[in-house]
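Colleague: Sequence:
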Amino acid sequence: MKKYLLCSLISLPLWADPFYAEEISQGQTQQADQNSPESAKIACQPLGKINALDIQTAFSELRLIGILKREDNFKAIFMDKQENLLGFQANDYLREQGIQFSQIDFGGLKYIDWHKTQACDQPHQVNLKL
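If you want the working numbering, it's the 1-based position in the sequence shown plus 1275.
To be clear, the hints were calculated from the coordinates, so they are not data collected in a lab.
This one's a predicted model, so the numbers in the text were calculated from it and none came from an experiment.
Hints are supplied without guarantee of correctness; some may be wrong.
Capping the alpha-carbon separation at 25 Å, the derived lysine-lysine pairs in DSS-like fashion look like this [to be verified]:
| no. | residue 1 | residue 2 |
| --- | --- | --- |
| 1 | Lys-1324 | Lys-1391 |
| 2 | Lys-1404 | Lys-1391 |
| 3 | Lys-1391 | Lys-1344 |
| 4 | Lys-1344 | Lys-1404 |
Simulated restraints, written as ranges between beta carbons of each label pair [as the list claims (entries may be wrong)]:
| no. | residue 1 | residue 2 | range |
| --- | --- | --- | --- |
| 5 | Gln-1400 | Asp-1329 | 36 to 46 Å |
| 6 | Lys-1404 | Gln-1364 | 11 to 21 Å |
| 7 | Asp-1396 | Ile-1340 | 26 to 36 Å |
| 8 | Leu-1405 | Asn-1359 | 11 to 21 Å |
By construction, the Cβ of each residue, glycine as well, lies at the ideal position given by its N, Cα and C atoms.
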């Protein structure tokens, strides 16, 4: 009996959810500041609490294939040319591309392209629909 209990306790932390496993390793939540290295590349910085991410693929090469809802959280699923899946949530910020996801729901998603923004108080917002 003790062996079964010990075995079940050891194997419990090894189980992982495949849809949320990448959140731990993709990046850390941070407050964007004006003195960061990205401020030299783009005129405006995202405001508020963001989850800054670095990805290898250019955003223009990604294709929106679906939107998932788990409890109250929506996640946009993209596929790149090598058929790798990438998931993004609201307030995720792609540093190199200057893309910040502002709203995700079943109707589509809205993101801000900070590279194309001329005035910081009126960001260049793009709508993608399925």
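Colleague: Given a hinted range of 26 to 36 Å, is it respected by the beta-carbon distance of Asp-1396 and Ile-1340?
Modeller: Taking Cβ atoms as reference, Asp-1396 and Ile-1340 lie about 33 Å apart, which means the hint holds.
Colleague: The hint says 11 to 21 Å between Leu-1405 and Asn-1359; measuring C-beta to C-beta, is that right?
Modeller: holds, 20 Å
Colleague: What's the verdict on Lys-1404 and Lys-1391, does the C-alpha distance respect the 25 Å limit or exceed it?
Modeller: holds, 20 Å
Colleague: Taking 11 to 21 Å as the stated bounds, is the beta-carbon spacing between Lys-1404 and Gln-1364 within them?
Modeller: holds, 18 Å
Colleague: Between the beta carbons of Gln-1400 and Asp-1329, is the distance compatible with 36 to 46 Å?
Modeller: Because 23 Å falls outside the window, the suggested range is violated.
Colleague: Given the hinted pair Lys-1344 and Lys-1404, is their Cα-Cα distance within 25 Å?
Modeller: Given pair Lys-1344, Lys-1404 holds - Cα atoms ~16 Å apart, limit 25 Å.
Colleague: Against the 25 Å threshold, does the CA-CA distance of Lys-1324 and Lys-1391 hold or violate the hint?
Modeller: At roughly 21 Å apart (the allowed maximum being 25 Å), Lys-1391 and Lys-1324 satisfy the hint.
Colleague: Would you check the hint for Lys-1391 and Lys-1344, treating anything up to 25 Å between C-alpha atoms as holding?
Modeller: violated, 30 Å
Consistency with the previously given hints fails for numbers 3 and 5, ordered from lowest to highest.
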